[in-house]
Amino acid sequence: MIGDANIVDFLLQFLGQFDGIDVIRAFSAIGAGTAMIAGVGPGIGQGFAAGKGAEAVGIRPGAQSDVIRTMLLGAAVAETTGIYGLIVALILLFANPFM
Amino acid sequence: MEGPKIYGELFGLPITQTLVNTWIIMAMILVVCAILTKNMQKRPGKAQVIAETIVTVMDGLVGQTMGKDKMKFAPWMLALIMFLAFANTSGIYGLRSPTADLNCTVGLALMTFFMTQFYGLKSKGLGGFLKGFLEPMPFLLPINIIGEFANPVSLSFRLFGNMLGGGIIMALLYSALAGLYFFPVLIPVPFHFYFDIFSGLLQSFIFTMLSMVFISGAMD
Numbered sequence: 010m011i012g013d014a015n016i017v018d019f020l021l022q023f024l025g026q027f028d029g030i031d032v033i034r035a036f037s038a039i040g041a042g043t044a045m046i047a048g049v050g051p052g053i054g055q056g057f058a059a060g061k062g063a064e065a066v067g068i069r070p071g072a073q074s075d076v077i078r079t080m081l082l083g084a085a086v087a088e089t090t091g092i093y094g095l096i097v098a099l100i101l102l103f104a105n106p107f108m
Numbered sequence: 012m013e014g015p016k017i018y019g020e021l022f023g024l025p026i027t028q029t030l031v032n033t034w035i036i037m038a039m040i041l042v043v044c045a046i047l048t049k050n051m052q053k054r055p056g057k058a059q060v061i062a063e064t065i066v067t068v069m070d071g072l073v074g075q076t077m078g079k080d081k082m083k084f085a086p087w088m089l090a091l092i093m094f095l096a097f098a099n100t101s102g103i104y105g106l107r108s109p110t111a112d113l114n115c116t117v118g119l120a121l122m123t124f125f126m127t128q129f130y131g132l133k134s135k136g137l138g139g140f141l142k143g144f145l146e147p148m149p150f151l152l153p154i155n156i157i158g159e160f161a162n163p164v165s166l167s168f169r170l171f172g173n174m175l176g177g178g179i180i181m182a183l184l185y186s187a188l189a190g191l192y193f194f195p196v197l198i199p200v201p202f203h204f205y206f207d208i209f210s211g212l213l214q215s216f217i218f219t220m221l222s223m224v225f226i227s228g229a230m231d
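Here the protein sequences line up with chains A and B, keeping their order.
My numbering numbers the first residue of the first sequence as 10 and each following residue consecutively.
My numbering numbers the first residue of the second sequence as 12 and each following residue consecutively.
To be clear, the hints were calculated from the coordinates, so they are not data collected in a lab.
A virtual CB, placed ideally from N, CA and C, is assigned to each residue, including glycine.
A hint or two may mislead.
[Stated by the list, open to error] Okay, the calculated beta carbon distance ranges per label pair:
#1 A:Leu21 <-> B:Glu146: 52 to 60 angstroms
#2 B:Tyr185 <-> A:Ile39: 25 to 33 angstroms
#3 B:Met37 <-> A:Ile39: 38 to 46 angstroms
#4 A:Gly50 <-> B:Gly14: 24 to 32 angstroms
#5 B:Leu24 <-> A:Ile39: 33 to 41 angstroms
Produce the entire structure from the sequences given, and follow the hints as far as they go.
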């Protein structure tokens, strides 16, 4: 049974045996992967928009082109936060400010 | 996917791959326009029908989205969507897409931003324009100003992120296919269809639509 302080000490000791830049690289890759969790939100939002769009087309098939246009616009706006996550991941991988 | 290459310098400014590819795309658009509008007549031929259809569809879209009183924006919006459609789909004929470079998309988004501010100022007058920042409550002024500057940021980053993300996935796919034993000739086709054609045309449509919505929203 090890306490919390012991785990932190162990982790720091473990990381201390590597080169500093390698540790930064490894954590940047982890951060890039974590940043892409942002993709969950736009997925839910766009799915909701598409579902409502299908519903609207079902109710009024005559207005299909209008509904599709509005839906695409809303989906694009909902996508913005996911794209921000992607940009953060790309910066961490390819234009890392810490290296 | 690598960043844009730098070919040389002109007056201290680098000539990047983005710039050269933009010139190629401009030349392609000019050639297409010259072919489609050559020898125009009252009874249109095949090429003229295509050109007239493009202009009519875009006029209808602008009239529906911005209102019939703002038809003067239709040529600019058609030019924007033409450039974006050619630039976003340029991955299928081997060019690095110019819109996968943040410099290009920020330039396009800043044009929309300045048009939004200028035409908002022109149509509302100085008092109405400044009053628009105090709505619905005066203490929301900083949020309104931040929101105004967030528009070009989100416009440019959306296009850039979509195009660069598609390019990166295509590059990963090609590097994975290089390790296959059999002849991988048809596998990239559906991916090119989605990431270059579908996503590219959708993003150019969305960029143009959002520009129209921002400009007409600032005017009335």
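Notebook entry, point to check: Does the Cβ-Cβ separation between B:Met37 and A:Ile39 fall within 38 to 46 angstroms?
Noted result: 43 angstroms, holds
Item checked: Consistency of beta-carbon spacing, B:Glu146 to A:Leu21, with hint 52 to 60 angstroms -> 53 angstroms, holds
Next item on the list: Look at the Cβ atoms of B:Leu24 and A:Ile39 and judge whether their distance stays inside 33 to 41 angstroms.
Entry: 38 angstroms, holds
Item checked: Satisfaction of the hinted span 24 to 32 angstroms by the C-beta atoms belonging to A:Gly50 and B:Gly14 -> For A:Gly50 and B:Gly14 the Cβ distance comes to about 28 angstroms; the hint holds.
Notebook entry, point to check: Measuring from beta carbon to beta carbon, are B:Tyr185 and A:Ile39 in 25 to 33 angstroms?
Noted result: 26 angstroms, holds
When the structure is compared with the earlier hints, no violation turns up for any of them.
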